[in-house]
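What follows is the residue order along each chain.
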Amino acid sequence: MSEQNTSSADPEDRFARAVPVVRSFLESVLGLLGVEVEVDIDIETDGLHCDLNTSPQNGGLLIGRHGATLDALQYLTLRVLQAEGFERMRITLDVGGYRTRREKTLRELARGIASKVRNSGRPYHCDPMSAMERRVIHLALGEMGLKTESEGEGRHRHVVVFPKRAEA
Amino acid sequence: MSAPKISLKDLVTFLARALVDHPDQVEVTEISGAQTVVLELRVAKSDLGKVIGKQGRTVKAMRAILSAASAKLRKRAELEILE
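Protein sequence lines, in the order shown, are assigned to chains A and B.
Sequential numbering from 1 applies to the first sequence in our numbering.
Sequential numbering from 1001 applies to the second sequence in our numbering.
It is worth saying that the hints were derived from the structure and are not from the lab.
Only a predicted model underlies this, so the values are computations on that prediction, with no experimental measurement involved.
Glycine included, each C-beta is placed from N, C-alpha and C at the ideal position.
There may be inaccurate statements among the hints.
Computed list of lysine to any residue pairs in SDA-like fashion (alpha-carbon distance at most 20 angstroms, straight line) [claimed, not checked]:
| id | chain 1 | residue 1 | chain 2 | residue 2 |
| --- | --- | --- | --- | --- |
| 1 | B | K1050 | A | E143 |
| 2 | B | K1050 | B | R1076 |
| 3 | B | K1009 | B | A1064 |
| 4 | B | K1050 | A | F86 |
| 5 | B | K1060 | A | N119 |
Heads up, incomplete: computed chain A residues facing chain B, CB under 7 angstroms, no partners named [what the hints assert, rightly or not]:
| id | residue |
| --- | --- |
| 6 | G60 |
| 7 | G64 |
| 8 | A72 |
| 9 | L76 |
| 10 | V80 |
| 11 | Y98 |
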């Protein structure tokens, strides 16, 4: 992880080269799932964001229970890029603004946890979440000045929120 | 939408081939029952890790995609990796 590539390749250039690979993979998988979809890919500062535009009915299928299908598709896209020799980059998939809505819900959850921790003065263990969801919680609570850490392994991994220590 | 033409075998074959170093050695056998479809996946020995993934994450992700596809077919699908 800490190894820095010495090549001067511009990350944006690297992300741009990944676009056709990601598009072709997603269009093929979705085709095999019998889902008609339009894939919009945006190049962002840390990787690619892909919007899958489809009918609401197919959207539900692609999201799956608690986003399970969408998470799976996103994870496989990342693995395929790795198999194709691309360096690590962030890949996010969204269907009909699901991720955005979910992020809003998580931010509201984070606000609730913040006040709970401030009132009790004791650490709070969140429910287990995916890496992406933990990231939202970490960022939101960090902005509110609270210290967070992830604990546990695999599917038990969760965020622990600590009350802020008084600055010396 | 009434008669979706989805081949679970093609889906698994495509996903596996996209992940491995030796796509020519990917073999999928589909065993269809009344309610359940079993898909047996064989890959080159050196590619086993690629289709299983750390803590089985890759195979878990393939199973999630497969269950979305099989839901459309109103069947249950199982994916097994044979060594």
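Hints versus structure:
Our distance criterion of 20 angstroms between C-alpha atoms is broken by K1050(B) and E143(A), whose separation comes to about 38 angstroms. Distance restraint check for K1050(B) and R1076(B): the Cα-Cα separation of roughly 24 angstroms exceeds the 20 angstroms cut-off, and the hinted pair is therefore not satisfied. For the hint pairing K1009(B) with A1064(B), the CA-to-CA distance comes to about 15 angstroms; that is within 20 angstroms, so the pair holds. As the CA atoms of K1050(B) and F86(A) are separated by approximately 15 angstroms, the hinted pair is consistent with the 20 angstroms bound.
The straight-line distance between the Cα atoms of K1060(B) and N119(A) is roughly 40 angstroms, outside the 20 angstroms bound, and the hint therefore fails. The restraint placing G60(A) at the interface with chain B is violated, with a minimum CB-CB distance near 10 angstroms, outside the 7 angstroms limit. A distance limit of 7 angstroms between C-beta atoms decides the matter here; for G64(A) the minimum to chain B is near 6 angstroms, and the interface restraint holds. Contact between A72(A) and chain B, as hinted, is supported at the beta carbon level, the nearest pair being about 4 angstroms apart and thus within 7 angstroms.
Interface hint at L76(A): satisfied, since its Cβ lies 5 angstroms from the closest Cβ of chain B, which is below the 7 angstroms cut-off. Taken as an interface hint, V80(A) checks out: its beta carbon lies about 5 angstroms from the nearest beta carbon of chain B, inside 7 angstroms. Evaluation of the Y98(A) hint against chain B yields a violated restraint, the C-beta minimum of about 14 angstroms exceeding 7 angstroms.
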